[in-house]
Amino acid sequence: MSSEPILSVRNLERRYGSFIGCTDISFDVWPGEVVAIVGESGSGKTTMLNCISARMERSGGEIRYRMRDGRFPDLNELGEAERRFLMRTDWGFVHQNPADGLRMRVSAGANVSERLMAVGQRHYGDIRQTASDWLERVEIAAIRIDDKPVAFSGGMRQRLQIARNLVTHPRLIFMDEPTGGLDVSVQARVLDLLRMLVAELELAVVIVTHDLAVARLLSQRMIVMKDGRIVEQGLTDRVLDDPLHPYTQLLVASIPES
Amino acid sequence: MTTDALLSVGGVAKSFTMHLRDGLRLPVVANVTFDVRPGECVVLGGPSGVGKSSILRMVYGNYAVDAGQILVRDRHSGEMADLAIGEPRMVLDLRRDSIGYVSQFLRAVPRVSALDVVAEPLVARGADRGQATKRAAEMLERLNLPSALFSLPPATFSGGEKQRVNIARGFITDHPVLLLDEPTASLDAANRDVVVSMIGEKLAVGTAILGIFHDIPVREAVATRIIDVSAFSARAAA
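Chains as they are written, first to last, in our numbering: chain A, 1 to 258; chain B, 1 to 238.
Mixed in with the good hints there might be a few duds.
[Claimed, not checked] Here are some, though not all, of the chain B residues that point toward chain A, as calculated from beta-carbon distances under 8 Å: (1) H19; (2) L24; (3) Y63; (4) A64; (5) G68; (6) I85; (7) G86; (8) P88; (9) R89; (10) V91; (11) V109; (12) S158.
[Stated by the list, open to error] Quick list of simulated restraints, FRET-style, between CB atoms: (13) B:R129 / A:D69: 39 to 47 Å; (14) B:G159 / A:M117: 51 to 59 Å; (15) A:G60 / B:E141: 45 to 53 Å; (16) B:E79 / A:R71: 44 to 52 Å; (17) B:M18 / A:P256: 12 to 20 Å; (18) B:D193 / A:D133: 26 to 34 Å.
[Unchecked claim] Computed footprint of chain B on chain A, listed as stretches where at least three residues anywhere in the stretch have a Cβ under 8 Å from a Cβ of chain B: (19) 145 to 159; (20) 187 to 193; (21) 237 to 245.
Hints are computed from structural coordinates only; laboratory data are not their basis.
In this text, a Cβ means the ideal position worked out from N, Cα and C, and glycines have one as well.
Looking at chain B on its own, in the form it has when it is part of the complex (with noise of 0.2 Å):
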């Protein structure tokens, strides 16, 4: 591990074993091994199917390991943490403060504005609401939503704009890790390039962040390092 990476994956194995198939054992990665370190974009590379988005899922401590340890520099601690212990607690800490996620897909809640939606992360750590839904609407507005569906719960927004409601709840905090997984899949080429810009502001801030790309433009405007999964692949091997 280099000294200073925030993030550091070593010997990390998963596979799942599907017990309403009398116990089918699908390996999907074996010995995924890598460090991120401040203002670095570590993209996941590789073929549909070969493991980045499991990869990422184990980085935020969603899906569980087989073996293997995930290494998070703990913002208040300055320590490694181990999140694939798994542990409950430990990890709610690191997500709240040291990791943050951009999933591909919102998963709304029922009667929660677009606003309150993206301003949560902020007031979850204890930030006064006023301000972060002001900042809320900043960090909406960049991404040109417009502002009459701020009040609006996300359920019914269409999938480009329910995106750009997960990507500001992402960028709104100052998580030193941030993990991306395709950002921009459903976003046009003008928004594109804004979150293109608010990824590179992120990386100058020293911001460490492990991503998945489709989309070449994207990638070659952000990757500083391309990690090929299919070398962690187990299903070759299998």
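Here chain A stands alone, though its shape is the one from the complex (with noise of 0.2 Å):
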């Protein structure tokens, strides 16, 4: 196991005027690892996702990652050009609502390619046949490869947001609720590849839900977080098994068991 944390988050808060979005937030993330963000709506665990992720701007506090060359800057000291390769190739960012982080009127094979012009492939053929690639793994037929994804069910958007995240071998994933909008039979087949190719690419992920099942399946480590503050974190089986604070013994207590 790595013995340097990929992600490093010290003391951040982030607040909206007076209204304290999240505060006192700390936790480290290393390489290969999924850590799950867990609380229900308005415990402000979307708003801290934003800003470990430069998507928003932070109060106070450090975050911190580790370049590809070692270098590990708080991630205000970037850059424009350096901020934008982390955000177009080195992370993922995937959205509850895939419409979000799709663009829906190219063909998902352009959806695809994108991210890896943006890193500088120009071949074609090459360029094609790795979007093809991707479709496959992400269980869409090659010959959907010139559809848009206004043609395709919620369940494949999903996954084609997998793929266009994926393919330019990113380090670090963010994930939003990434199963919230799908059926039940859809969701498991979303987690399951998620779950095998979290694993075989080795990423560190951090993965926001309030679904802990889903957290059971995906994380080694889990925070819960209420009143935009974390209240316990540790390993998932033991935070789910022996929940220690009132508030998670209340999440815990609250799905039905199965």
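Make one complex out of these two single chains by using the hints.
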């Protein structure tokens, strides 16, 4: 196991005027590890995710990322070019609603290829071949490569969004309720795919979910948030099977046993 | 602690605080202390509800502890690591290589076949997938699981079939410490005997086993020592 974290968050705070979005957030993420952030709506988990993925300004604290060359700068120290490189190549962001992460009016193939071209690939045949390979990996038939995502089902769109994110071999993926809008059977397929790809590519993942079953299936570590703060964190199965904080106990007690 | 112990539990205490019940505190065990050495099968005994499963779960890092230490010998460094601190990455490292656990019930993952469930611990340790799958099939065959089931997800299996998948998964690796929570509870006599001989083989190669066996013939066949958990009960004192 790697001994150096890929992402390190210290005392992160985000305020909206006098209202606290999230505060006192500290945790590390190591390569190859999935960390689940759980909590109900309004607990600050999405605010926190948006801050650590540099999609939202923070009000205070540190967010450090291990660059490919080993440097470990705060995201605020990065120049615009480096920040863009991270967003387009080294990181991925999987939105709950695939329409937020896809371009709905260009083909599935173009959706996947776009990020490849952003990292400088120019050879049309290679790009198309890579796109087609990735469609198959996410279980979308290669013959659909020229169809637009508007013609896809919700589950297919979500799988396409995953392919679009993974094609550049990112090292860190942020996910915001990636299975939230899907039917249960479709959700199982997307989850299974995520589980396999994460293990195979040794990705680091920070996944926000309110679904404890999703967290149990995908993550090794879990962070529980309430009112903008971390109330409990630890090994996922420990937090779920022996929750210590009153709020975690309430969350766990609220799901039907199956 | 004996110097060759693979697992050494000292002064461990556990209680549950039920915050949804006005902070009701349920003491479970206190001052749990014992060692398990290579080739030993230590059986946790005592009546239902006395805290046997809680002890196993604490030793696996699945339950937090209130006090005490749980030292597990790291198979790579040879040093004892204190799993009771609960540092997630340390616990995960120990689970991958040093301490295995066969739970009472299999938690089935949708869409994953019985073969892959069994092979997964080997794959996680970097084994070749083909080799791991072959080994998984041998384990399942030995436990008399019909081969027609190998490629199916265990969600729809019977209790005994699930348990055999669980046992195969727990026994496929060579973890030096193995925790068994009633591995034979829903098995027929023939399969129970298979599990008894599998346990014997583990002990012969020096695995340290800590287990719960309510089934008396199985317990008599495998136990090298029985610890009465009533001695650690915190309920009587509370």
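For each hint, the structure was consulted:
Nearest Cβ of chain A to the Cβ of B:H19: about 3 Å, under the 8 Å cut. The hint holds. At its closest, the beta carbon of B:L24 sits 11 Å from a beta carbon of chain A; the interface hint therefore is violated under the 8 Å criterion. The interface hint given for B:Y63 holds, since its Cβ lies 4 Å from the closest Cβ of chain A, which is under the 8 Å cut-off. Satisfaction of the interface hint for B:A64 is found here, the shortest Cβ-Cβ separation to chain A being roughly 5 Å, below the 8 Å cut-off.
Checking B:G68 against chain A by beta carbon gives a least distance of about 15 Å; that is not within 8 Å, so the hint is violated. Because the smallest distance between the Cβ of B:I85 and any Cβ of chain A comes to about 11 Å, over 8 Å, the interface hint for this residue is violated. Given hint, B:G86 at the interface with chain A, holds; its Cβ is 6 Å from that chain's nearest Cβ, closer than 8 Å. Contact between B:P88 and chain A, as hinted, is supported at the beta carbon level, the nearest pair being about 4 Å apart and thus within 8 Å.
Checking B:R89 against chain A by beta carbon gives a least distance of about 7 Å; that is within 8 Å, so the hint holds. About 6 Å separates the beta-carbon of B:V91 from the nearest beta-carbon of chain A, less than 8 Å, and the hint is met. Here the hint on B:V109 is kept, as its CB sits about 6 Å from the closest CB of chain A, short of 8 Å. The beta carbon of B:S158 is not positioned within 8 Å of any beta carbon in chain A (closest approach about 17 Å), and the interface hint is therefore violated.
Checked against the hint of 39 to 47 Å, the C-beta distance between B:R129 and A:D69 comes to roughly 32 Å, which is inconsistent with it. The hinted range of 51 to 59 Å is satisfied by B:G159 and A:M117, whose Cβ atoms lie roughly 54 Å apart. Hint check: A:G60 to B:E141, Cβ distance near 60 Å, so the stated range 45 to 53 Å is violated. For B:E79 and A:R71, the Cβ-Cβ distance of about 32 Å falls outside the hinted range of 44 to 52 Å, so the restraint is violated.
The hinted window of 12 to 20 Å between B:M18 and A:P256 holds, with their beta carbons roughly 19 Å apart. Checked against the given bound of 26 to 34 Å, the beta carbons of B:D193 and A:D133, roughly 49 Å apart, lie outside it. Closer than 8 Å: that is the beta-carbon criterion, and the segment 145 to 159 of chain A has 0 residues meeting it against chain B, so the requirement of 3 is violated. Look at the segment 187 to 193 of chain A against chain B: 4 of its residues bring a Cβ nearer than 8 Å to a Cβ of that chain, three or more, so the hint holds.
A count of 6 residues in the segment 237 to 245 of chain A with a Cβ less than 8 Å from any Cβ of chain B is obtained; the coverage claim is therefore met, three being the minimum.
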